[in-house]
Amino acid sequence: MSAVVVLDIGGSGIRAARVQNGAIVRRARLELSGAIAPAQATETLRAALGALEPSAADGALGVPSRVPR
Amino acid sequence: MVHSGSLPGFLDDAGRVLPGIYIPGFVGMDFVDALGPLMDGRPMSVVPDIAAAAVAEAAAAGIPDRLLCVCLGTGANAALVADGTVVDLAGGCLGDAGHVVVDPRVPSAPAEDEDVSRRRARVGHWPVTAPSSASTTRLPSAKRLGKRTPVRPSWSTGRAGHWDAPSHRGRR
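Going down the list, the protein sequences come from chains H and D.
By my numbering, the letter at position 4 of the first sequence is numbered 29, and the numbering carries on one by one without gaps.
By my numbering, the letter at position 123 of the second sequence is numbered 125, and the numbering carries on one by one without gaps.
Warning: the hint list may mix true and false statements.
Sample of chain D residues at the chain H side, in silico, Cβ under 7 Å [stated by the list, open to error]:
hint, residue
1, His5
2, Tyr24
3, Met31
4, Leu40
It should be emphasised that the hints constitute simulated quantities derived from the structure, not laboratory data.
On a predicted model such as this, the values are computed, not experimentally measured, just so you know.
Glycine residues also receive a C-beta, built at the ideal position from the N, C-alpha and C atoms.
Go ahead and model the full structure; you've got the sequences and the hints to work with.
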């Protein structure tokens with residue numbers, strides 16, 4: 026089973042997704058209320074990764090934000 | 003399993019986040035070192051967000067010969083895919099065509115350091131591979147877990163247009 030975990034880090038938050046067999050099966054968004062301190066950076070990333078832990082609720086979610094071509 | 007991350011900024015040759023205005027808390031962080039213990043030794047790629055978007059759009063479009071990926075967010079930015087590669091116009095920025103701040107509330111970028119200026123004078127290309135298997139799609143890695151040498155293409159030297167924009171062009 027192929028799987029990819031993707032984190033998109035931005036100034037206001039982190040978007041995370043788990044892709045399995047070509048489909049997004051889990052999404053998560055971690056909002057940041059302000060600039061995080063360097064000491065919090067690693068824990069913040071770990072929290073985003075932790076939100077992607079596989080669960081029974083995972084399922085193909087598609088890519089709804091994609092503009093049709 | 004491959005893990006990947008994108009961020010609104012530059013990476014240095016060692017894969018550490020260079021100074022920028024959007025994620026100041028991450029400046030100097032080595033993502034692979036920070037997250038490696040959670041990856042069980044599996045490969046990890048970290049790239050600027052505009053490069054990640056260009057790779058994804060090129061893959062979704064079937065790797066065309068020419069593709070201009072334009073992203074609108076806090077800023078507006080673009081990256082060019084040509085001949086199956088993301089054209090790297092500015093060192094770790096991996097294909098940024100420039101950056102325009104569209105939100106006037108965003109503070110000015112800090113002064114650019116010498117390292118960033120030097121990197122902007124280099125030109126290279128990143129490969130884009132087909133999306134047939136997520137596990138084999140090769141992102142233009144700044145660094146892969148277990149290898150201290152950044153995964154980079156062969157660089158050619160030269161001037162690539164003008165590089166007067168501030169050092170946060172990685173923001174889309």
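Consistency of the hints with the structure:
| no. | hint | result |
| --- | --- | --- |
| 1 | His5 | 5 Å, holds |
| 2 | Tyr24 | 4 Å, holds |
| 3 | Met31 | 5 Å, holds |
| 4 | Leu40 | 6 Å, holds |
Of the numbered hints stated above, none is contradicted by the structure.
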